[in-house]
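Going down the list, the sequences are from chains A and B. For the record, in the first sequence the residue sitting at position 199 is 198 according to numbering that gives the first Met the number 0, with numbers rising by one throughout. For the record, in the second sequence the residue sitting at position 104 is 103 according to numbering that gives the first Met the number 0, with numbers rising by one throughout.
Rather than coming from a laboratory, the hints here were simulated on the basis of the structure. Small disclaimer: the values here were computed from a predicted structure and weren't measured. Heads up, some of the hints might be wrong.
Label pairs and their calculated CB-CB ranges [claimed, not checked]:
| id | chain 1 | residue 1 | chain 2 | residue 2 | range |
| --- | --- | --- | --- | --- | --- |
| 1 | B | Lys25 | A | Ser133 | 33 to 43 angstroms |
| 2 | A | Glu23 | B | Met254 | 52 to 62 angstroms |
| 3 | A | Thr54 | B | Asp210 | 31 to 41 angstroms |
| 4 | B | Met337 | A | Asp114 | 58 to 68 angstroms |
| 5 | A | Asp114 | B | Met254 | 25 to 35 angstroms |
| 6 | B | Phe165 | A | Glu23 | 36 to 46 angstroms |
Over 12 angstroms on every C-beta distance to chain B, these chain A residues come out as not near it, computed from the model [to be verified]:
| id | residue |
| --- | --- |
| 7 | Ala3 |
| 8 | Ala48 |
| 9 | Glu55 |
| 10 | Gln80 |
| 11 | Tyr220 |
| 12 | Pro235 |
| 13 | Ser251 |
| 14 | Ala255 |
| 15 | Met319 |
Below are the BS3-like pairs computed for lysine-lysine, each with C-alpha atoms no more than 27 angstroms apart in a straight line [said to hold, decoys possible]:
| id | chain 1 | residue 1 | chain 2 | residue 2 |
| --- | --- | --- | --- | --- |
| 16 | A | Lys18 | B | Lys172 |
| 17 | B | Lys10 | B | Lys25 |
| 18 | A | Lys71 | B | Lys122 |
| 19 | B | Lys5 | B | Lys15 |
| 20 | B | Lys266 | B | Lys172 |
| 21 | A | Lys105 | A | Lys117 |
| 22 | A | Lys102 | B | Lys266 |
| 23 | B | Lys122 | A | Lys18 |
| 24 | A | Lys151 | A | Lys175 |
| 25 | A | Lys5 | A | Lys151 |
| 26 | A | Lys245 | A | Lys18 |
| 27 | A | Lys71 | A | Lys245 |
| 28 | A | Lys151 | A | Lys105 |
| 29 | A | Lys18 | A | Lys5 |
| 30 | B | Lys266 | A | Lys71 |
Just so you know, even glycine gets a beta-carbon here, dropped at the ideal spot from N, CA and C.
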Amino acid sequence: MSVALKAIRKSYGNIEVVKGVDLEIEDGQFLVLLGPSGCGKTTLLRMIAGLETVTEGQVYIGAEDVTQVLPKYRDIAMVFQSYALYPHMSVAENIGYPLLLRKVTKDKRAAAVLDAAKVVHLEDYLDRYPRQLSGGQRQRVALARAMVRRPKLFLMDEPLSNLDAQLRSQMRAELKHLQKELAVTTVYVTHDQIEAMTLADKVAVINNGVVQQLDTPRNIYNNPANLFVAGFVGSPQMNFIRGQVKAGGFSSECSAVQCPGIEDNQASVLGVRPEDLQIVEDASAEINARIYSIELTGDETIVTCSIEDRSPGSQVVVRMDADYEQKVGAQVAIKITGERVYFFDAESGQRLDSEPHTARALR
Amino acid sequence: MSVKPKSLWQKMWEPKDLQSMAPATKVLSYSILLFWTFIVLFPLYWLFVTSFKLPIQVSDGPYYIPFIDFEPSLHAWEYIFIDLGRDTLRPYMNSIIIASSSTVLAVFIGSMAAYALTRIEYKPKVGSIVGFIVILGLVVYLTVVVKMQWQLTLSIGFALFVSFVFAFSRYFKRSLGNNDILFWIISQRIMPPVVSVLPIYIMFQQLGLLDTHFALIVTYMAVNLPIAVWLMRDFFARIPVELEESAMLDGASRMRVFLTIYMPLAKPGLAATTMLILILSWNEYLLALFLSTADAQTMPLMVAAQNATRGPQWWYMSVLIVVMIVPVLIAAGFIGKMISKGQLSGAVKG
Numbered sequence: 000m001s002v003a004l005k006a007i008r009k010s011y012g013n014i015e016v017v018k019g020v021d022l023e024i025e026d027g028q029f030l031v032l033l034g035p036s037g038c039g040k041t042t043l044l045r046m047i048a049g050l051e052t053v054t055e056g057q058v059y060i061g062a063e064d065v066t067q068v069l070p071k072y073r074d075i076a077m078v079f080q081s082y083a084l085y086p087h088m089s090v091a092e093n094i095g096y097p098l099l100l101r102k103v104t105k106d107k108r109a110a111a112v113l114d115a116a117k118v119v120h121l122e123d124y125l126d127r128y129p130r131q132l133s134g135g136q137r138q139r140v141a142l143a144r145a146m147v148r149r150p151k152l153f154l155m156d157e158p159l160s161n162l163d164a165q166l167r168s169q170m171r172a173e174l175k176h177l178q179k180e181l182a183v184t185t186v187y188v189t190h191d192q193i194e195a196m197t198l199a200d201k202v203a204v205i206n207n208g209v210v211q212q213l214d215t216p217r218n219i220y221n222n223p224a225n226l227f228v229a230g231f232v233g234s235p236q237m238n239f240i241r242g243q244v245k246a247g248g249f250s251s252e253c254s255a256v257q258c259p260g261i262e263d264n265q266a267s268v269l270g271v272r273p274e275d276l277q278i279v280e281d282a283s284a285e286i287n288a289r290i291y292s293i294e295l296t297g298d299e300t301i302v303t304c305s306i307e308d309r310s311p312g313s314q315v316v317v318r319m320d321a322d323y324e325q326k327v328g329a330q331v332a333i334k335i336t337g338e339r340v341y342f343f344d345a346e347s348g349q350r351l352d353s354e355p356h357t358a359r360a361l362r
Numbered sequence: 000m001s002v003k004p005k006s007l008w009q010k011m012w013e014p015k016d017l018q019s020m021a022p023a024t025k026v027l028s029y030s031i032l033l034f035w036t037f038i039v040l041f042p043l044y045w046l047f048v049t050s051f052k053l054p055i056q057v058s059d060g061p062y063y064i065p066f067i068d069f070e071p072s073l074h075a076w077e078y079i080f081i082d083l084g085r086d087t088l089r090p091y092m093n094s095i096i097i098a099s100s101s102t103v104l105a106v107f108i109g110s111m112a113a114y115a116l117t118r119i120e121y122k123p124k125v126g127s128i129v130g131f132i133v134i135l136g137l138v139v140y141l142t143v144v145v146k147m148q149w150q151l152t153l154s155i156g157f158a159l160f161v162s163f164v165f166a167f168s169r170y171f172k173r174s175l176g177n178n179d180i181l182f183w184i185i186s187q188r189i190m191p192p193v194v195s196v197l198p199i200y201i202m203f204q205q206l207g208l209l210d211t212h213f214a215l216i217v218t219y220m221a222v223n224l225p226i227a228v229w230l231m232r233d234f235f236a237r238i239p240v241e242l243e244e245s246a247m248l249d250g251a252s253r254m255r256v257f258l259t260i261y262m263p264l265a266k267p268g269l270a271a272t273t274m275l276i277l278i279l280s281w282n283e284y285l286l287a288l289f290l291s292t293a294d295a296q297t298m299p300l301m302v303a304a305q306n307a308t309r310g311p312q313w314w315y316m317s318v319l320i321v322v323m324i325v326p327v328l329i330a331a332g333f334i335g336k337m338i339s340k341g342q343l344s345g346a347v348k349g
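Isolated chain B (complex conformation) (with noise of 0.2 angstroms):
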């Protein structure tokens, strides 16, 4: 067979043979891919270099290069590591502490409950809910506008619901299931954190809690539980069912199985949820702005409390978010290794 002499185009379009790239996609997505590199490391880059300039450097205009286009000082780091030294350190802890307790607490709650949606089905009666509503509403009115005492209208009003569904439930046809109550759960994401940003605030104020990390611990993990069991389910609903019906046959407990067979199983699914959450409650800042004044203060505060009175401190700005970064970078390092494929295979035949 004689082989036709190709174009320039085809030469350029096409590979030579099936292990290389054509020269002109090689070109390109190289190109593109160094483009989007560019744009995503440049702001850090800048981010560090700022970190080391003196404050009229910063506003000298843009320049890139130290030991060229200015001299490097070290000032920013011994403003925020000396002078401040203890009030750099609080909030940094701070961060760390409530950020991984609520995560810790998030994955593993939402884990239970994510399981418990795979693997139990529920069928919460629609004339209950309506029943909790409508029991719940009269306890409000009594308490707020009759002004009874709360003691005495909420366990009246609980002793009501017990008995109403006991006593009625079973004539309720419509009932729910369990995606009903996943997509209520996950429908808690859906309203912006501002709305109920207040009434939280008002919450901890009565409970006197402002400015613990209890609250902030607390809030967070309550914030992210839906996207844990929203992700986590997602993992176990891949996990065989015939692993928990062996394991229960073999003795073991629901909880036995949860904690040896599902958890092991979904590690990568647990990974990947936790260095999500991990993320979200570390940079959170509007909930820790109004829940938090000084004791329990977290580096995003920190961060824009550089933006005092005297205008933006680009300078000491940058310092905090590249420590900010460090303990991210570390925790995605670990967690990154627990992501591996296959966990799944050879458990059932496909």
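If we strip away everything but chain A, and leave its shape as in the complex, we get (with noise of 0.2 angstroms):
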């Protein structure tokens, strides 16, 4: 079922949490809601449930305008964060509960039940109690409730925030099968952008209860629409260089490049991610640096380098080889090999390319 969100704003008072939303989800579509704590998407989430008032705006699921329906004519299923599980029920009740309430019959709702713990592979805890359960357990019961029954909405609210690190990736491969196998419209919130990208078919960034950029996870990472997005989905982040732009060449303390096509700014961001940097020998390099801090994750070295530049604190992160070795306080240059700069107003955040720029056409 398809879901639209329009105009919705929501405030507390005077407060105003969303600012005019709008969301177009397709059938059988994975939306993911990213952004950080606070900005909104959980509300969002909430709003579409039916357990939050929308303020203005109204929420469509189908062609129905359900803003003013009762949560339990809407027929979602939801995943809540802390999973909610009746703790005085059994596992196989708490599963058939959505089915109980729809007087299913007592066969055809073991059957439903059996069938759904089967998936989430909980069949042999099907009389345990929530408390006999571990985290990522009571997480897969949580599933299979939502599962139990074909709604026209899975609405997930950071599902796997409360697991450890192994168990989520894995939970995460196993929902993303899920979803594509039952072909339910889904909505996941999450402020962990690993997620929002592997789960996502869009992710919807938002930010200060605004969509700020709504598109492929591919896209939003390759042409982040704003200097939020762009520094928000992106792990090191990518590096922000404030300069100036004049007559097709972007000039910094530390840096100047060419950066043809883009009007003068006085105040203007390069950003560039850590992927597309490389610390080199060459002294013509865009970028001169100080080593600051060297991390080895096993794949991979992350560089943090403070540039010398007289605006204190910044730094450029450099993602290196596995067998890149440097002392800390040693003198490098960095210079973009990549194929994605990006040029930002610094004052509106807004992009001033269209398509990021490729590292030849710096030179």
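Relying on the hints, combine the two individually framed chains into one complex.
Here you go:
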């Protein structure tokens, strides 16, 4: 079932949390709402569920306006961050509760519960109680309870945030597989960009109650619409260097590059991801810096350099091969080698270029 | 490392190892416990032996050990159960009916109010409340002083209030919250019951319901409701709100959520509240004294009645009190089993 949000606003007293959001979610799509905590993404999800009233605007599920419809009539299944299992019911009773409320006969219910439990590998735990389960198992019970019927819509509010790293990546793959198999439209809230990138068909990056960009994960990463999206997606973060654009050239205190086709701008920002930079011997490199710290992650080395810049605290992060070695404090030169360099307006945060510049175009 | 030998003082006050208590602490705490146990149990024992004494033995002075100090006799038990017979059974059944039904009602209705107060936000407008009080005052004035018919004044007052609220309440800014409502509810218990006992008496007299089970059940329920609301609210507040939201999305109505999620999860709270209210209404004396005379008489009245013109009949009182304690003990045994820990663990990740 498709979902549409039309000019949604939400205020608590005088504080506006969601400031006019328009979203269209196609049938069967996996949409991730990504944003920092307090950006309004959970409020948005809860408004789709009907757990929060809408101050202004409409929510459509399919062709129906459900803005004023009680949650129980919306036919939505939601997985909560805190699982929200009923502690006085066994796993089987928990999973079967939505069916019990729909007056499904006992035999059919038992069969459906078993099916749902098998999908999440919990068929041996049906008689246990939530308190006897581990966090991952509880999470899977919550998922099974959502999947035991075929709702119009799945809503998931950071369902993996309480799991440890290993289980999380495991559950991520499982979730993605299940969603494609069931082909139920899903809205998923997270602040974890890895989850957003891996799970989503489309990502809506949200900040300050406004959708910053709605696009495929690839486009969000490769072609961010503004400074916020560029900085929020990607780990380590994209490097930003402040400077000016004058006559088709960007210059800052530590670097100067060509940027054809961009209008003059007194306060602009050059953005480049760590993997598009290399530390080189070449003295003609774009950025001069001193090594601040070196972290080996196993398959690569994250090198943080402080720019020899009069603006204190400015740092550039470079992603190098795992065998890179250098002393902390050493003078190095950093060269832009990759294909994606972005220019932003420092005031509004908007992109100045429509397509990322390649390294060649900069010289 | 050489261990310094301990002084006698240290040996007395410091435990030998981590598992045991220090000797002096042990002696001290057990003697305090023993002393307190004696204080608590002795009156019960005294009561019990008194019920087996003849009047002459009671007035002889304090003797406590049956068969040695005095020869036990069943005469008081015979009088209460055989001579009085039905006259004992009636107040006994009255007490059971009144206490249990008023408790069940108070706990159930109180729980519903407590649930509403934890999960729904109410904003009664101060202006509307003032309007209500003014209109109520007018109604009373017109009825009592101007001597208009109460049916007339009441219906006009009601209509006035409804139109007042619909017309003006949106303009009122200041409103009260759930905590104000809660305080208002509990404030009804701050006032001593003696204050309200006469109006209640007159009300039931006018209704012709004096000396009925109904009058006592309703009154006990009303008196104990604030306690139920106050206690249950705390237990409901501890239940994570996600459980309710999840159930609502699963398709449950509010009543269903209350009955199948909240009530089972608040079982320990329900048990404690039920126990407390049961004891309060079981032992209630003052209201029963006013509202019942014969048919609806309860056990506390019956006990008090033994302090008759012939002076206090300690032996009969003792028998009655002993049989009065029994149902409460049984109820406590059943209800106590429900007070178990860990009801909520596993609901949400802490």
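Results for each hint:
1. B:Lys25 x A:Ser133: 33 to 43 angstroms: holds (42 angstroms)
2. A:Glu23 x B:Met254: 52 to 62 angstroms: Cβ of glutamate 23 of chain A to Cβ of methionine 254 of chain B: about 36 angstroms, so the range 52 to 62 angstroms is violated.
3. A:Thr54 x B:Asp210: 31 to 41 angstroms: Between threonine 54 of chain A and aspartate 210 of chain B, where Cβ atoms are some 57 angstroms apart, the hint is violated.
4. B:Met337 x A:Asp114: 58 to 68 angstroms: violated (35 angstroms)
5. A:Asp114 x B:Met254: 25 to 35 angstroms: Given a distance of about 30 angstroms, which is inside 25 to 35 angstroms, the answer is holds.
6. B:Phe165 x A:Glu23: 36 to 46 angstroms: Distance hint for phenylalanine 165 of chain B, glutamate 23 of chain A holds at roughly 40 angstroms.
7. Ala3: At roughly 20 angstroms from the nearest Cβ of chain B, alanine 3 of chain A sits farther out than 12 angstroms, so the non-interface label holds.
8. Ala48: violated (6 angstroms)
9. Glu55: holds (19 angstroms)
10. Gln80: Glutamine 80 of chain A not clear of chain B: closest Cβ-Cβ about 8 angstroms, inside 12 angstroms.
11. Tyr220: The claim stands: tyrosine 220 of chain A keeps its Cβ more than 12 angstroms from every Cβ of chain B (closest is about 31 angstroms).
12. Pro235: holds (29 angstroms)
13. Ser251: Non-interface label on serine 251 of chain A holds, nearest chain B Cβ at 46 angstroms vs cutoff 12 angstroms.
14. Ala255: holds (52 angstroms)
15. Met319: Given a closest Cβ separation of 38 angstroms, the condition holds.
16. A:Lys18 x B:Lys172: holds (25 angstroms)
17. B:Lys10 x B:Lys25: holds (13 angstroms)
18. A:Lys71 x B:Lys122: Holds - the C-alpha atoms of lysine 122 of chain B and lysine 71 of chain A are around 25 angstroms apart, at most 27 angstroms.
19. B:Lys5 x B:Lys15: Holds, at roughly 11 angstroms.
20. B:Lys266 x B:Lys172: violated (40 angstroms)
21. A:Lys105 x A:Lys117: The hint holds at about 18 angstroms.
22. A:Lys102 x B:Lys266: holds (26 angstroms)
23. B:Lys122 x A:Lys18: Holds, because 26 angstroms separates the two Cα atoms, which is no more than 27 angstroms.
24. A:Lys151 x A:Lys175: Answer holds: lysine 151 of chain A to lysine 175 of chain A is near 17 angstroms, not above 27 angstroms.
25. A:Lys5 x A:Lys151: holds (19 angstroms)
26. A:Lys245 x A:Lys18: violated (36 angstroms)
27. A:Lys71 x A:Lys245: Violated, at roughly 59 angstroms.
28. A:Lys151 x A:Lys105: The hint holds at about 23 angstroms.
29. A:Lys18 x A:Lys5: Answer holds: lysine 18 of chain A to lysine 5 of chain A is near 11 angstroms, not above 27 angstroms.
30. B:Lys266 x A:Lys71: holds (26 angstroms)
In summary, the structure is inconsistent with hints 2, 3, 4, 8, 10, 20, 26, 27 from the numbered list given earlier, while agreeing with the others.
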